[in-house]
Amino acid sequence: MSVNARFFASLKERVGHGSVSVDVAEAACVRDVWYAVTGEGPGEEVLVAINKEYADFDAAVVDGDEVAFFPPITGG
Amino acid sequence: MSVNARFFASLKERVGHGSVSVDVAEAACVRDVWYAVTGEGPGEEVLVAINKEYADFDAAVVDGDEVAFFPPITGG
Amino acid sequence: MHIEIRHQAFNPWHELEAYTRSASHRNQAGACATFVGSMRDFNEGDTVRTMHLEHYPGMTEKQLGVIVDEVSKENGLLDVLVLHRVGDINPGEEIVLVGCWSSHRKAAFDSCRLIMEALKSKAPFWKKEKLLDRERWVSRNTPG
Amino acid sequence: MHIEIRHQAFNPWHELEAYTRSASHRNQAGACATFVGSMRDFNEGDTVRTMHLEHYPGMTEKQLGVIVDEVSKENGLLDVLVLHRVGDINPGEEIVLVGCWSSHRKAAFDSCRLIMEALKSKAPFWKKEKLLDRERWVSRNTPG
Chain P
1 MSVNARFFAS
11 LKERVGHGSV
21 SVDVAEAACV
31 RDVWYAVTGE
41 GPGEEVLVAI
51 NKEYADFDAA
61 VVDGDEVAFF
71 PPITGG
Chain H
77 MSVNARFFAS
87 LKERVGHGSV
97 SVDVAEAACV
107 RDVWYAVTGE
117 GPGEEVLVAI
127 NKEYADFDAA
137 VVDGDEVAFF
147 PPITGG
Chain U
153 MHIEIRHQAF
163 NPWHELEAYT
173 RSASHRNQAG
183 ACATFVGSMR
193 DFNEGDTVRT
203 MHLEHYPGMT
213 EKQLGVIVDE
223 VSKENGLLDV
233 LVLHRVGDIN
243 PGEEIVLVGC
253 WSSHRKAAFD
263 SCRLIMEALK
273 SKAPFWKKEK
283 LLDRERWVSR
293 NTPG
Chain Z
297 MHIEIRHQAF
307 NPWHELEAYT
317 RSASHRNQAG
327 ACATFVGSMR
337 DFNEGDTVRT
347 MHLEHYPGMT
357 EKQLGVIVDE
367 VSKENGLLDV
377 LVLHRVGDIN
387 PGEEIVLVGC
397 WSSHRKAAFD
407 SCRLIMEALK
417 SKAPFWKKEK
427 LLDRERWVSR
437 NTPG
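Residue numbers (this note's numbering), protein chains in the order written: chain P, 1 to 76; chain H, 77 to 152; chain U, 153 to 296; chain Z, 297 to 440.
Keep in mind the hints are simulated off the structure, nothing from the lab. By construction, the Cβ of each residue, glycine as well, lies at the ideal position given by its N, Cα and C atoms. Wrong hints could be hidden among the right ones.
[Claimed, not checked] With a straight-line cut-off of 27 Å between C-alpha atoms, the simulated DSS-like cross-links for lysine-lysine are: (1) Z/K416 to U/K258; (2) U/K274 to H/K88; (3) U/K280 to H/K88; (4) Z/K369 to Z/K418; (5) Z/K358 to P/K52; (6) U/K214 to Z/K402; (7) P/K52 to Z/K424; (8) U/K280 to H/K128; (9) Z/K402 to Z/K416; (10) P/K12 to Z/K418; (11) U/K282 to Z/K402; (12) U/K258 to Z/K402; (13) H/K128 to U/K214; (14) H/K128 to U/K225; (15) Z/K358 to U/K258; (16) P/K12 to Z/K358; (17) U/K258 to Z/K369; (18) Z/K369 to P/K12.
[As the list claims (entries may be wrong)] Chain P is faced by these chain Z residues, among others (derived, beta-carbon under 8 Å): (19) G333; (20) Y352; (21) H380; (22) V392; (23) K416; (24) S417; (25) K418; (26) A419; (27) P420; (28) F421; (29) K423; (30) W433; (31) V434; (32) R436.
Please work from the sequences and hints to get the whole structure.
Shown next as structure tokens:
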């Protein structure tokens, strides 16, 4: 199945893409998506959202999900 | 000696004056000034200021002082 | 820093705009917390038609100055604006405006609230409400 | 209630004036607490020339909506305004405006601060600062 992985701010620069389509196995979780794109562990604090709702690295993903990765928030 | 007793808000209406000159004995305190004007105890919560600084009923007054009495504050 | 007793109605946003336009702390103040208190047409179960706000000229300004100085120093504020209405006031009109400027948000938030609470217990102002059928002095402020 | 991501510079006092002019809660809101966060020309020991603010279109608005709904219901607010800047920002320009209206001051004060703290930890925005000689992502917000 395929999900849309998105990266923001410093993670976008680190990973080199803002958005990339990723093929993952059935029963994959967010961690698998991250690993499929980067080939390494997150290393620093990385926040996760599935379809624009907060999630964590163990959350399951399904075909067509938008899985976003971003650093700690610095707005306001 | 003489002090200027001032009354504000509901106390002005109760006492019947906004400002009155009061003769009190040497070594008088705020309580004596109140009693000289009203002839009774304060009865309810009354705040006190001498020369525009907060004081209490036991504070000593001197000739020429402005001694103010007012109810709890309701500004803001 | 500016503290003022105002006898006429004011628009708090016009006041804040004019005050910040002349401010020297423009690029240092990362945070501004404000509070605006307005007259409601309803209080303690009754319709209020209009209100009279009395103060103690001289003492009110002095006590506001003490409050603002203390809170400013304690929290390292860059600037403070306090404006308080007196006289006859109609529903919907503003009674008080407090603005606090600081480098970071904690000091601005803390200070704005501290100044309002101190003002409501220590700055001599008294409200008399005109109801439909009678007048009454407001006996006490609602707790913060 | 109004939540908006703004790409252009805004004057917070103009926004507040326009918003309150159209408000239906005019004579019920006794209290309005606001917070304005602005860009400083100095951060973590360095002069900052300009800043870029990135967000996550769709998620940012959604999370701001969740925050405002929760705080509003919890505190019985009459109205809330949230405006947040994105894009290229210069020192002295405003980044965020939060306004909370309620019957009494406690709810307005509490809510304005709660919304700001939640926004700073849950609404996806990221700041990149342009210093004199390099660029850097701000790594973390200062604690409230």
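Comparing the hints with the structure gives:
no.: 1; hint: Z/K416 to U/K258; verdict: 13 Å, holds
no.: 2; hint: U/K274 to H/K88; verdict: 19 Å, holds
no.: 3; hint: U/K280 to H/K88; verdict: 13 Å, holds
no.: 4; hint: Z/K369 to Z/K418; verdict: 18 Å, holds
no.: 5; hint: Z/K358 to P/K52; verdict: 8 Å, holds
no.: 6; hint: U/K214 to Z/K402; verdict: 26 Å, holds
no.: 7; hint: P/K52 to Z/K424; verdict: 22 Å, holds
no.: 8; hint: U/K280 to H/K128; verdict: 22 Å, holds
no.: 9; hint: Z/K402 to Z/K416; verdict: 21 Å, holds
no.: 10; hint: P/K12 to Z/K418; verdict: 19 Å, holds
no.: 11; hint: U/K282 to Z/K402; verdict: 25 Å, holds
no.: 12; hint: U/K258 to Z/K402; verdict: 17 Å, holds
no.: 13; hint: H/K128 to U/K214; verdict: 8 Å, holds
no.: 14; hint: H/K128 to U/K225; verdict: 22 Å, holds
no.: 15; hint: Z/K358 to U/K258; verdict: 26 Å, holds
no.: 16; hint: P/K12 to Z/K358; verdict: 21 Å, holds
no.: 17; hint: U/K258 to Z/K369; verdict: 24 Å, holds
no.: 18; hint: Z/K369 to P/K12; verdict: 36 Å, violated
no.: 19; hint: G333; verdict: 6 Å, holds
no.: 20; hint: Y352; verdict: 6 Å, holds
no.: 21; hint: H380; verdict: 7 Å, holds
no.: 22; hint: V392; verdict: 5 Å, holds
no.: 23; hint: K416; verdict: 4 Å, holds
no.: 24; hint: S417; verdict: 6 Å, holds
no.: 25; hint: K418; verdict: 7 Å, holds
no.: 26; hint: A419; verdict: 6 Å, holds
no.: 27; hint: P420; verdict: 6 Å, holds
no.: 28; hint: F421; verdict: 2 Å, holds
no.: 29; hint: K423; verdict: 5 Å, holds
no.: 30; hint: W433; verdict: 4 Å, holds
no.: 31; hint: V434; verdict: 4 Å, holds
no.: 32; hint: R436; verdict: 6 Å, holds
When each numbered hint is compared with the structure, a violation occurs for hint 18 only.
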